[in-house]
Structures are given as C-alpha cells and as structure tokens.
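> Can you join these two chains into the complex? Each is in its own frame, and there are hints to help.
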Amino acid sequence: MYPEYMKPSLEKVAQTRAKRFELAKSGKPVFPPMSAEEREEVLQKYHPDYKPDARRKVRVGPNKGELLTAEVADLLESHSRIDPKKFDLSNPDYETDILIIGGGGGGCAAAIEAMRNGAKSIISTKLRLGDANSMMSQGGMQAADMPQDSPTRHYLDAMGGGHFDNKPELVRALTEDGPEIVKWLEDLGVVWDKMPDGTMQVLHGGGTSRKRMHSCRDYTGAIIMRTLMDEVRNHPDMIEVLEFMPTVELLLDDKGQCAGGILYNMETEEYFTVKAKATIIATGGFGRLHIRGFDTTNHYGATGDGLIIAYRAGANLLYMDSVQYHPTGAVYPEQIAGFLITEKIRGAGGQPINKDGELFVFPREPRDVEAAAIIRECLGRKNGITTQSGRVGIWLDSPLIEMLQGEGYIKKQFPAMFRQFNRYGIDITKEPMLIFPTLHYQNGGIEINEKAETSIPGLYVAGEASGGVHGRNRLMGNSVLDYNVFGRRAGRNAADYVKKAKLGSLTLEHVLKYEKELKEAGVKTNRIAPVLLPLYTPEAVRKRQLTAHYEGTLR
Amino acid sequence: MKQDMGQRESSPQNQDKTTRKSSEPATEFVTVYIMGKAHKVPAGSTIMGAIEYAGYQIKRGAGCREGFCGACATVYRLPGDFKIHTGLACTTLVQEGMWLAQLPAIPAKKAIYDLEKLQPTVETFQLLYPEIFRCVACATCTKACPQDLEVMDYIQAAKRGDIEMVMDLSFDCLCCGLCAIRCPAEIVQFNVGLLAKRLYGRYLNKKSQHLEERIKEIKAHKYDSEYEKLMKMSREELKKLYYERDME
Chain R
1 MYPEYMKPSL
11 EKVAQTRAKR
21 FELAKSGKPV
31 FPPMSAEERE
41 EVLQKYHPDY
51 KPDARRKVRV
61 GPNKGELLTA
71 EVADLLESHS
81 RIDPKKFDLS
91 NPDYETDILI
101 IGGGGGGCAA
111 AIEAMRNGAK
121 SIISTKLRLG
131 DANSMMSQGG
141 MQAADMPQDS
151 PTRHYLDAMG
161 GGHFDNKPEL
171 VRALTEDGPE
181 IVKWLEDLGV
191 VWDKMPDGTM
201 QVLHGGGTSR
211 KRMHSCRDYT
221 GAIIMRTLMD
231 EVRNHPDMIE
241 VLEFMPTVEL
251 LLDDKGQCAG
261 GILYNMETEE
271 YFTVKAKATI
281 IATGGFGRLH
291 IRGFDTTNHY
301 GATGDGLIIA
311 YRAGANLLYM
321 DSVQYHPTGA
331 VYPEQIAGFL
341 ITEKIRGAGG
351 QPINKDGELF
361 VFPREPRDVE
371 AAAIIRECLG
381 RKNGITTQSG
391 RVGIWLDSPL
401 IEMLQGEGYI
411 KKQFPAMFRQ
421 FNRYGIDITK
431 EPMLIFPTLH
441 YQNGGIEINE
451 KAETSIPGLY
461 VAGEASGGVH
471 GRNRLMGNSV
481 LDYNVFGRRA
491 GRNAADYVKK
501 AKLGSLTLEH
511 VLKYEKELKE
521 AGVKTNRIAP
531 VLLPLYTPEA
541 VRKRQLTAHY
551 EGTLR
Chain Z
1 MKQDMGQRES
11 SPQNQDKTTR
21 KSSEPATEFV
31 TVYIMGKAHK
41 VPAGSTIMGA
51 IEYAGYQIKR
61 GAGCREGFCG
71 ACATVYRLPG
81 DFKIHTGLAC
91 TTLVQEGMWL
101 AQLPAIPAKK
111 AIYDLEKLQP
121 TVETFQLLYP
131 EIFRCVACAT
141 CTKACPQDLE
151 VMDYIQAAKR
161 GDIEMVMDLS
171 FDCLCCGLCA
181 IRCPAEIVQF
191 NVGLLAKRLY
201 GRYLNKKSQH
211 LEERIKEIKA
221 HKYDSEYEKL
231 MKMSREELKK
241 LYYERDME
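Residue numbers (the numbering used here), protein chains in the order written: chain R, 1 to 555; chain Z, 1 to 248.
What the hints contain is simulated information worked out from the structure, not anything from laboratory work.
Remember, it's a predicted structure, so these values are computed and weren't measured experimentally.
Hints may be right or wrong, so weigh each one.
Heads up, incomplete: computed chain R residues facing chain Z, CB under 10 angstroms, no partners named [unchecked claim]:
1) Lys-64
2) Gly-65
3) Leu-67
4) Gly-221
5) Glu-270
6) Gly-314
7) Lys-499
8) Glu-515
So these bits of chain Z aren't anywhere near chain R, every CB distance computed over 12 angstroms [as the list claims (entries may be wrong)]:
9) Ala-38
10) Phe-133
11) Gln-156
12) Asp-162
EDC-like, lysine to aspartate or glutamate: derived pairs with alpha carbons at most 16 angstroms apart [unchecked claim]:
13) Z:Lys-239 with R:Asp-165
14) R:Lys-516 with R:Asp-197
15) Z:Lys-206 with R:Asp-197
16) Z:Lys-59 with R:Asp-83
Glycine residues also receive a C-beta, built at the ideal position from the N, C-alpha and C atoms.
So that you can see chain Z by itself, here it is in the shape it has in the complex (with noise of 0.2 angstroms):
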C-alpha cells in the first residue's frame, strides 16, 4: 500500500531552488551492528538517524529526537575497546564498527509521596530512598551519564541533605534511566534528584512577595474592568493601542 503521510519531502530550501544533502545519497558509510546485525549507514548519521535508515520504525527509543526527554537511553560497545559505553540515540554519532542496543525501558523503582507531608530534609531520602545509603562512590553513575552530570557527587549530597546542590547538580537530568541501569547499588538516581528538585521548589526556593499579591489582586477583581473594556473593543481601537503600547 502506498503511504504519503507523514513522509519527510524535500526541505523548504529545496522548493527556493537551493539543493540539501540530505535528499542527495550519502556517499560516506560506516558498518554499525543494531542489536548484533550489520547495517551499512551513512557516516555522520546519529544512532536514531541509522536505526531509521537500516529499516526500523521505532516505536519505543525516540520521543522528543532533541535531547531533552531521555526517550533514547542507548549502550554500545566500539571494536577493540572492552568498556560498555553510553549515549542518546538522538544525539550520538555512529562510528565505524559500534555494536549496539537501545533500552526500551527502564526498570525503576519511584517511590509514591505527598510532597506536602515531606520535610525537606536528609530523613525524607532515608525514608524513601533509602538504598542511596550503599553508594560505594564508584562513580559509574556518572560515567554513565550522557550529559554529562556529577550525578554520584549529586548523590552523596543527597545523603547529607544537601538539597539544593541535588537541585544544582541534576537540574539538567533526562532521565534516561543509564545511571540507575548500570549503578553496582541498584540506586535510581534520577527518580532521588526529582524528588530533591521538588524540595526544593516547593520550601527552599525563596517565595516571591509580588506573585503573591498579584493573585490577591486578581481574586479581589482588580483587572474585571480593564479586562471588560478590553474585550468590547473593535479591532481598530485594539490595534490602535496595541501599537502605541510602551515597552519595558
């Protein structure tokens, strides 16, 4: 059955009369093994990209493609080298020879709370995280890690209490899951720095005074006027202020 939709066309460019390489066939190809099967994919590819080019829709192992959702959480191995290394799919490049897997999911354990009956203190992590305790500091969490956080660093924090340097050092955590995967202790440290973000923003974080009196303000009906006058205008006259509107 024939399918367009969805397909990708030829890029906007392309409709301008200037040419894209990527509608060109690639000339440079690597041999990469997809869970132990050969594929000849173009050099410079990232992983998802090859995954997609040797014939796979991937159903699981994609989500936001950008390197923000953790969607993609991958392991490879590179010939003559015995580590086990990590990557995003959607951000890693293939090389020559790279053996490799993605992990459709991640087995973790997250504990089930009530943020507003948390202290945010080192015995809200004994409590529900408790095996952060067998950390041996072997820092493979952090090998693992594929934007590169201090996430075993983070995790000793955690045990001191250190909320907000858990909320510093994992802030730009995907979830991935490949610390907790690969972690000797069985810790899941991304689900422990969630926690500790929400600590954070919810009694550490320093209230602001003028968001709480613009609600005020807000329930007490302050702007019904203004909001009516604006709605009844024409057009003509919203444009008209619009326009002449001064800027901060």
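Next up, chain R with everything else stripped away, as it sits in the complex (with noise of 0.2 angstroms):
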C-alpha cells in the first residue's frame, strides 16, 4: 500500500487518465519523440555514463589506455585467485571437446547445438544450471517474423538504438537468425503467445518501429531457460554439468590456443584442470559490480567473471565504456528496490507520469534515453515522488494498460508482476508502480565476429558477455535473442573447429604475465577477480570475521 503523502499525487494520474487513454487510443503519439540533438543532449546531462567520474583509463592488457566504466578498470586491474606455479597441467582432471563457462541461456544453447554437430562439451557454471539473467528476462525476445516487418528493418532500429557503433556484421546475425531461432524455441517446446489463429501476439519494445517483441507472458527468460535447461539434462551422455564450479582462469596452450580452464569447487575448495579443445565464454554481464552505487536487476552471479580471465588471455573488449540503466526498476516498496519492471509495460501502453500527472516522454525512447529523461524528470526538473525511505521516482501508470488492452490483460500478460506487487498491497490494475532507472545490462564485452569467435584461437563468446551486437545501447529484447543467436553460432562453430583442433602443452603463462604487467604499471592492489559473488555482509561482522583469510568475497 502506499503511503497517505502519496495519495494526491496518485489522484492526479487517475485524473490525466482519461484523457492519456483518448489519445494512445486515437494511435498518434502520446508524446512528441526526441529528434538526434534532443536524445544527446538528454544523455550528456543525465545518463549516468557521462558523468566526470564514471570513466577512467584502464593501464594493463589489450585495451591498456583506454577509458572504462571504473568499476570494469577496477575489475580488469586485479590479481588472478590462482597461484600458476601451483598447477600441475600435465595430467588434467577432465578432457572434452568444448568447455563452456557460464550455465545461462548462450551457453546451453551452445551445448545443444555443439551436441547437435557431434562435439561433447562440460558446462562450468558457478551456481546452478539457469541460475543467470537469461531466467529473469520478462517483457521478450524481438524477431522480425510479421508480415508488415523485415529482418533488415530490425536492423536499422538495433543499429540507431545503439548509436551506430554495433558491429555491422553482427548485427546481420542477429537479426537475419531472428526468425529461425522463434522456431528453434518452439521445436525445443517454448510456449509462444499467439492469437488463437497461430500469429504471433507480438508488441513494441522502445526504439522498434515494428512490433516484434515475442513473449510468453511475463515469464519469458524464465520459460525459454527452463526449455533449454531441461533439452540439456536429456542429454548427460553428450553434455556434463558442474554446478558451483566456476572457470576462474583460461588455459592456453604454447601455440596461443585456448585449450580450457581452471574450475574453482565453490563447496570443497578445490581446483581443477579442464582440458578442452574449444572454449566458449557464456558468463553473462556485471550487474552485482553495483556500478555507481546503482541497485541491479541482474542476478546473484553476474559479477563480469568472463571479462576478466578473457581479458588476462589476451582477448580485446569492446564498448566497456557504457553500461545500461534499465528505465524502469522498482522504488516503492523498499524491498523490491531495483527490481526490474519489465519494458512490455510501456510496450503494451503503460506511461511515465510525473508528480503532477503528465507524461513528460515518449514511452518507447531506446533505454539509455528513456533512463536519461526519467532521472532528469526527477533530479533535474524535481518533479518526482520521494520515498519514506528517500527515494525518488516517477510514476508507471499501469492501469491505463487495462483501459487499452481490456479488463484482465495486466493478470494474464503480467502475471509475475501483478503477483510482486501484490505481496505488497499494491494491486498494478488499479494503482500505478514507483519507478527510477536501475543497473540492468553490460552493453559491451569481448569482442567477437560474426561466428563468435574472438582473437585467441578456439575462443568463443556468446551472449551479454561479448561485446558489438548492441554498439553502446541494447534495445529490448534483443538480449535474449542474441544469446540464442550467438549461443548457436558459437556451439556449431567450436563443433566444427574441434574436429582438426590439436593442443600442444597447456600454459598458465598468461597469468604470470599479466601480474608482471600490473606490477610493471605499478597499480597496487588487493583486488581479486573473478569476484564470483558480491559481498553483502555488513561491515561490522566482517570486522568480526578475523581467523580466515578472505580472498574476494570467498575464503
């Protein structure tokens, strides 16, 4: 429920609403879109990535002069966990085709299709199999399958919602496999919305010009992971799964081939050797790196573990100087704080409102838009709603959705939202949700090519954690996509590479190397990385915490 303070603001939602509701109906635009010079101008003043501080020059390995987000320079200039010299690499613990770091939805969809060509593959995953982002994504997946769109017209709207800096050849991927992978999922039994003649039920997503946006309710990423999850355990014999065993560091081998990993046994403490003739980085973005204090979306794991043993073997990173801010995350109530609120919202006619009841922004602005003019609506123009707890937002006006879409869309469409608020007495047909943009996405990553390869030979990357699909921006719904997209390329590519694939001797060099440069760059540091998992145990029991040596958030 919210509180008394809130109410008269409340009443002037309801009473815009009405007349909101004639206009989204008449099918003009609600409000006036930004031109080019508006969107920048919005971005340079509001979006947190422009702020002085929020970028610095990273000083070791591929991108060594660079400005980065600072918390990714901070995460790139750490020590590695392992000791090398300790490593006994002769006699490795496992042996297969293709190691796959991260057990979210690139890199099953990796070992389905790497399975599907003949190649065997171990699943490293840190938690448990789908315990990633991929679960989390509620609003869709765009593919340009309606008659009235076009795979190249995807193209163009991916291409401007990321300010033309997205790799060229990648973004044809992504949208050209676009189509073929809603069909993949379907065979695999992901259950579509459709009418009842079989079209696909599809809305907007900000910054699309067609309606794409496929969904299975609100629990997209949540029936497509569990989908691809359970083809994955139908088969044990092809593909084995380490749960709790995250890849903390890259092998290569003495002709600079990727040739594995080193797995960490979260449980027993316990290292291991995974020799495989390909590998492929599925470990997703860094949202728990907490960027500039932002609360996040993301899930438990998503600590950028991939960036930073890629980048120690030598793989270039694009684009780690943006990251994204999800429009719209929860304020109210305080415990569901940061939580995402999915983008289907406004693509189903949801509205940002301010304080006094007015739109002040087009609905469907690309996200880092959207974000800019949402955080400027409430600190710049200070027309936002304060929280007991001193937060700000701005309204999402929900119930115009049932008024657009009919009584009970919101509980058949939204149901896991309508379920999260509800726990809190807010009842999202009715009322409207508090909102402020939260840490959602990491828009760039390593760099990869059209077959998701990276520069070091038999290294692939797929999903949130390579970088060029989405230049500097992601639009809705591209993210799921991209991980089927690029989870496929990878695990049919590394298939076919394995075949004439042979290792020399395995090396931890690297990892010598790249603590030589640090010291060399004279960067002093405790830091440890992969973090593997945040740390959220308040300061006074760390205090307490004395017999135990802690590296990172783990003993």
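Set out below in structure tokens:
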C-alpha cells in the first residue's frame, strides 16, 4: 500500500488518465519522440555514463590506455585467484571437446548446438544451471517474422538504438537469424504467446519501429531458460554439467590457442583443470558490481567473470565504457527496490508519469534515452515522488493498460509483475508503480565476429559477455535473441573447430605475464577477480571475521 | 584483508544529495532463528536480506533474487503455530520468532526423453512420470507453492492428459521444488509441468504461417542485397534513414 502522503499525486495520475487514454487510442504518438539532438542533450546531462568520474583509463592489458567504466577498470586491474606455479597441467582432471563457461541461456544453447554437431561439452557454472539473467527476462524476444516487418528493418532499429556503434556483421547475424530462433525454440517446446489462429502476439519495445516482441506472458526468460536446461539435461552422455564450479582462469597452449580452464569448486575449495579443444565464454554481465552504486536487476552471480579471464588471456574488449540502466526499476516498496519492471509494460501502453500526473517523455525511446529522461524528471526538474526512505521515482501508469487492452489483460500477461506488487498490497491494475532507472545490462564485452570467435583461436563468446552486437545501447528483447543466436553460432562453430584442432602443451604463462604487467604499471591493489559473488555482509560482521583469509568474498 | 570489490556502495540517488534509509542503521528489529541460531535482524527484511545481515555468505540458496529462479526455497515455522510454512527467501518477509532453514538443493526425478519421439497424450505421462497416478489429491503441493499455483489441479489434469491445462496452470512455476519435497506421493510436480509445457509448445500451440514464410524468404536470400546496402552505408546515411523510418 502507498503511504497517505502520496495519495494527492496518485489522484492526479488518475485524473489525467482518461485524456491520455483517448490520445493513446487515437494511434497518434502520445508524446513527441526526441530528435537526434534532443537525445544527445538528455544523455550528456543526465545519463550516468556521462558523469565525469564514470570512466577511467585502464593501465594494463589489450585495451590499455582506453577509458572504461571505472568499476570495469578496477575489475581488470585485479590479481588472479590462483598461483599458476602450483598447477600441474600435464595431467588434466577432465578432458572434453568444448568447455562452456556459464550455465545460462547462451551456454545451454551452445551446448545443445555443439551436441547436435557431434561435440561433447562440459558446462562449468558458478551457481546452478540456469541461474542467470536469462532466467529473469520478462518482456520478450525481438524477431522480425511478422508480414509488415523485415529483418533489415530490425537491423536499422538495432543500429539506431546502439547509436550506430554496433558491428554491422553482428547485427546482421542477430536480425537475420531471428525468425529461425523463434522456430528453433518452439521446436524445443517454448510456448510463445499467440493469437487463436497461430499469429504471434507481438508488441513494441523501446526504439522499435514495428511490433516484433515475442513473449511467454511475462515469464519469457524463465520459459526459454527452463526449456533449454531441460534439453541439456536430456543428454547427460554428451553434456556434463558442473555446478558451483566456476572457471577462474583460461588455459592456453604453447601455440596461443585456448585450451580449457581452471575450475574452482566453491564448496570443497578444490581446483580442477579441464583440457578442452575449444572454449566458449557465456558468463553474462556485471550488474552485481553495482556500477556507480546503483541497485541492479541482475542475478546473484552477475560479476563479469568472463571479462577478466578472457582479458588476462589477451582478448580485446569492446564498448566497456557504456552501461545500460533500465528505465524502469522498482523504487517502492523498499524490499523490491531495483527489481526489474519489464519494458513490456510500456510496450502494452503503460506510461511514465510525473508527480503532477503529466506524461513527460515518449514512453518508448531507446533505453538509455528513456532512462536519462526519467532521471532528468526526478533530479533535474524535481518532478519526482520521494519515498519515506528517501528514494525518488516517477509513476509508471499500469491501469492505463487495462483500459487500452481490456480488463484482465494485466493478470494474464503480467502475472509476475502483478504478483510482485500484490505481495505488498499494491494492485497494479488499479494503481501505478513507482519507478527509477536501475543497473541492467553490460552493453559491451569481449569482442567477437559473426562466428562468435575472438582474437584467440579456440575461444568463443556468446551473449551478454560479448561486445559489439548492441553498440553502446541495447534495445529491449535483443538480449534474449542475442544469447540464442550467438550461443548457437558459438556451439556450431566450436564443434566444427574441434574436429581439426590439435592442442600443444598447456600453460598458465599468460596469468604470470599479466601479474607482471600489473606490477610494471604500478597497480597496487588487493582486488581479486573473478569476483564470483558480491559481498553483502555488514561491515560489523566483517570486522569480526578474523581467523580466515579472504580472497574477495570467499575464504 | 580489506575487500573492495563487489561491495554495495551508496545509492546513485545518494550521490545526488538525497538520503536512503537502507544506508542508515535500522531502528526496528525482530529475532529470527536461522537454522536454529537466534539473530536480530531489521524488521521488514526479506529472509534473504536477513540471512546476509546475520553474516552468512550465501552460496547455495540465492539466484535471481527477484522471484524467478526458485533457488531460495525456504521452510519455516512461526511461534504458536504448528504449521510448516514455505516461501522464497527473496520475496518472503521475516516475522518475529520465525524459525527457518533454506533447502540447498531438491532431490528430484527428471525423466530423460527425446521430445521428437513423444506424443502429446496421457501415455507420455504414464511412461515418464507414472507416479502422478499415486496422487491422493491432498493439495499439500498447492498449499506449499510460493507462487500460489493450483499445483494439485495440474497434476490431476496431467492424469487426464489435458496438456493445455497443465501448461496453463504451471506456466508461472519456478521449479523451486517445495511441492515435490512436501508431496506424500513423492511426485515431482514441477518436472511434470515442464514436460507438459514443452509438449504444448512443440505439438499443440498453433503453428505460425508467417514465421515459416519469413524463414523461407531468408533462406532464399531475399534480404541479402538490402543487408549489403545497409552495411555499406556511412553513419550519416544510416542515421538519416533511421530518423526518417515510419512507425507501426
């Protein structure tokens, strides 16, 4: 329930609703979309990436001298968890065709496709299989399969959303594979939302010029992820899953090819070597690094582990100076602060409304622009609503959806969102949600080409860990598509590659070299990476933890 | 060793000179018993927040932290109440005197199958999950479900081979396993639901003609020349095209 003092503002939202409904129903834009200049201005002034201290130069590695998000530079300027000298690499604990690092959507798609092309794999995952951002995607997946749409139109939307920084061949792969992915997933048993005649139910997302958002109610990610996991588990002879065993360094061979990794059993605290002819990184993003102190929509393990291990092995990073803040994260109640409120809400007609009941931005600008406009409304124009705990937000008018789409639509199409707020006595069919941007996505990542290859032979990357597909700003629904497209491409190409790959002797020399480079660059730090798990232990408790030696958050 | 990675710092709004309660000391506390040990934790915390506040570094028992992944199944009792309660640690709030334990993993049968060789009929359930016919309709599963799903009803529907109903009723299932762990008939409800959804998606959901046609067009290279044209365009040309595009 909202506190009494918010009631006058809620009444204003209700008062303007009828008029906003008429306009929305007329089919005209409900608010003028921004021009290129207006977008640039609001981003410069209000997007967190543009704050002067948001970026700093990284002092080591392939991107040395480049301005990166400060927390990313910190991650890269960290020590390894291991002492390479302690490892005997002549007798690996596991041998396989492909080591897949990460058990989310990208990793599972890669494993399935690799298997179908005859390659065995091991999935090394830090938490359980499927504990990934893939599981949490609510709104949907873009794909240009409707008659009034085309893959090239999808291409143009994605390029514009990414400020034209996207790598064209990656965007072509993404958009051209889209319809095929919809079919591939359906054949695996994903239940897409459809009209009774079989036509896909599609909606708009921010920055889309055609409705192409495919969904499974608002459990899209959960349905897809569980389908992929289930398929992985149907093939224990081809795919071995090692849970709670993250990969903490890559292995190379004496010819510079990727040759597997060092795995850490987080429960028994043992290390294991996996020798593999090819390796796929599908570790997802970095939301749990809490860039600029933001709350995040990301799952517990999203600590950018793939970035640092690939970087130490010599892989180049792309666009690690940009961070995606989702325009609509929950602000109230406090217990769900930072939680994702799907963009599908705006796709279905929900509108961002200020304290006076006014719509102040076109509801479906690309995410960075929409987020910056909401921050401007709250902090620049002071038109936000302040909670008892001091957070500021604006309203996301969901009752309008019921008027536009018909009664019962929210419960049917947004069961997760309805449930989330209903727990706290807020009925989103009758009252709006209070929102503010929240840390959501790693726009950049490890540079790949359209075959999901990196500059290191035998190393592939898929999904959020990769960079270039989305330029400097991803559009809604393109990440679900991304991990499927590039997960499959990585799996297929790695399976081809292993047929002729020949490994030399294994080495961790690159880790020693990297340590040396840190020293030479004068980096003095006790940071350890991969981070593995975020630290939420209160300071008072940490002070009493005296007997153990901690490496990061772990003993 | 001082740790400076991964620590949550001040909120972004703090940096803009507003305050935030969660960075201030809590004023109201409740006592909870985490696996039997008493801890004072802030009132209004989620169970997950309370476990972390008490000093535990969670390894098993946390995933998405937003109610989608089912990693944090928790059982608890309350003072003066004989019942075993169930919930997700990420979305359930603590109460005074709550005695709780998380389930680190759920032992559960999962049938191995080839979806292409299955039929969307009751025989598939008879073959892969015959134990559903042991269901005594006690509704313990339904009572245990943190999503308030009609779990027993979908098991009954599976027994009748009503795959659409199983799909619909189990759609929001998080596979947290609390139903399976409470079931006196030892049924693994969530895997039955998952099988039904895959059968429905593969065999029963109406096919989309426009999808098949688009895939054919792409395979016939219909869009190649347009892609090549777009990929060769300068940033300025592309920008012009983008801002002039029409909207549906």
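> Could you work out which earlier hints the structure fails to respect and list their numbers in ascending sequence?
Structure breaks hints 1, 2, 3, 5, 6, 7, 8, 14 and 16.
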